[in-house]
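Generate the whole structure from the sequences, applying the supplied hints.
In this text, residue positions in the sequence shown follow my numbering: the first is 331, and each later residue adds one.
Simulated from the structure, these hints should not be mistaken for laboratory data.
Owing to the predicted nature of the structure, the values given are computational and were not obtained by experimental measurement.
Check the hints yourself; a few may be wrong.
Unchecked claim - Distance ranges between label pairs, derived from CB positions:
hint: 1; residue 1: 364; residue 2: 342; range: 30 to 36 Å
hint: 2; residue 1: 336; residue 2: 360; range: 35 to 41 Å
hint: 3; residue 1: 336; residue 2: 356; range: 39 to 45 Å
hint: 4; residue 1: 332; residue 2: 365; range: 45 to 51 Å
hint: 5; residue 1: 366; residue 2: 343; range: 34 to 40 Å
hint: 6; residue 1: 343; residue 2: 365; range: 29 to 35 Å
We treat Cβ as the ideally placed atom computed from N, Cα and C, and that holds for glycine.
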Amino acid sequence: LAHYDNIIRFNLSMYLNNQFMLVDIVNIRLQFVFEDSR
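This is the structure:
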């Protein structure tokens with residue numbers, strides 16, 4: 331049971347890291363768009 335709990339925690343942390351990476355990618359794209367519009 332403890333092993334299963336660790337797997338869930340690991341998957342949750344991986345999921346959150348992926349969400350943050352997506353946010354970073356969106357921010358970088360927005361910066362490029364703003365640079366182009368000037």
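Status of the hints after comparison with the structure:
no. : hint                  : in the structure
1   : 364 / 342: 30 to 36 Å : holds, 33 Å
2   : 336 / 360: 35 to 41 Å : holds, 36 Å
3   : 336 / 356: 39 to 45 Å : violated, 31 Å
4   : 332 / 365: 45 to 51 Å : holds, 50 Å
5   : 366 / 343: 34 to 40 Å : holds, 35 Å
6   : 343 / 365: 29 to 35 Å : holds, 33 Å
Figure legend: structure checked against the earlier numbered hints; the only hint not met is number 3.
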